[in-house]
Amino acid sequence: GILWSAKSFIGKVIYCPCFHPQRESAALTLFLPPGWTMVTAGREKQPYPDHPERFDVWTEILCRDGLTGRCYWEVEREGRISLGVTYRGISRKGNSDDCVLGRNDKSWSLTCHDDGFTARHNSRETDIHVSSSSHRVAVYLDWPAGSLSFYSVSSDTLIHLHTFNSTFTEPLYPGFDLWLYDSTVSLCEFEG
43 GILWSAKSFI
53 GKVIYCPCFH
63 PQRESAALTL
73 FLPPGWTMVT
83 AGREKQPYPD
93 HPERFDVWTE
103 ILCRDGLTGR
113 CYWEVEREGR
123 ISLGVTYRGI
133 SRKGNSDDCV
143 LGRNDKSWSL
153 TCHDDGFTAR
163 HNSRETDIHV
173 SSSSHRVAVY
183 LDWPAGSLSF
193 YSVSSDTLIH
203 LHTFNSTFTE
213 PLYPGFDLWL
223 YDSTVSLCEF
233 EG
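Residue numbers for the sequence shown, in the working numbering: 43 to 234.
If you are wondering where the hints come from, they were derived from the structure by calculation, not from laboratory data. Mixed in with the good hints there might be a few duds.
[Said to hold, decoys possible] Pairs of lysine-lysine, DSSO-like flavour, derived with a Cα cap of 30 Å:
{"#": "1", "residue 1": "Lys148", "residue 2": "Lys87"}
{"#": "2", "residue 1": "Lys148", "residue 2": "Lys135"}
{"#": "3", "residue 1": "Lys135", "residue 2": "Lys87"}
[What the hints assert, rightly or not] The calculated label-pair distances, taken between Cβ atoms and stated as ranges, are:
{"#": "4", "residue 1": "Leu222", "residue 2": "Ser173", "range": "13 to 21 Å"}
{"#": "5", "residue 1": "Ser189", "residue 2": "Arg130", "range": "15 to 23 Å"}
{"#": "6", "residue 1": "Asp139", "residue 2": "Leu222", "range": "18 to 26 Å"}
{"#": "7", "residue 1": "Cys230", "residue 2": "Asp156", "range": "16 to 24 Å"}
{"#": "8", "residue 1": "Pro75", "residue 2": "Trp221", "range": "14 to 22 Å"}
All C-beta atoms, glycine included, are put in the ideal place defined by N, C-alpha and C.
Please model the complete structure; the sequences and the hints are all you need to start from.
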């Protein structure tokens with residue numbers, strides 16, 4: 043992949059340092075501590091109230107605010123997770139692909155697993171055979187240009203994994219899917 047210096051790259055875009063979870067969207071098996079420092083997939087259901095925007099089968103959560111500009115963020119992950127963006131209209135109820143990040147025409151995702159990565163949009167998959175030893179992944183959304191890029195982050199280096207090119211028509215909401223028990227994802231703070 044292409045190597046970038048994270049600090050020089052970030053200096054050219056808007057860093058999105060703060061996401062607020064849309065708690066109403068969180069699957070019942072996702073634990074969100076106060077302050078949204080980390081999301082963990084657990085075995086026990088949380089006592090969240092029923093809500094039409096809650097994912098009721100898939101272990102997913104969306105962020106509250108939609109994005110339409112140029113934004114960059116990094117997450118630290120443990121276990122198998124998917125991260126990406128979706129239009130607000132992604133389905134929330136049931137077991138179909140209409141509810142899963144990257145498996146429909148409303149969302150784009152990168153799945154991080156032990157032996158690499160898989161990029162998905164509308165159920166079209168691209169396997170990426172790059173070491174996933176780093177547990178930090180970066181996302182760069184250039185909504186006006188219609189590009190969404192994913193990077194593996196190691197020290198101060200960005201290794202390009204995949205770029206989706208599209209014509210975005212609505213705000214995009216960052217989202218996460220935690221595939222396995224005890225998988226975690228947390229937003230990283232950028233120190234510039």
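Violations among the numbered hints, reported as their numbers in ascending order: none
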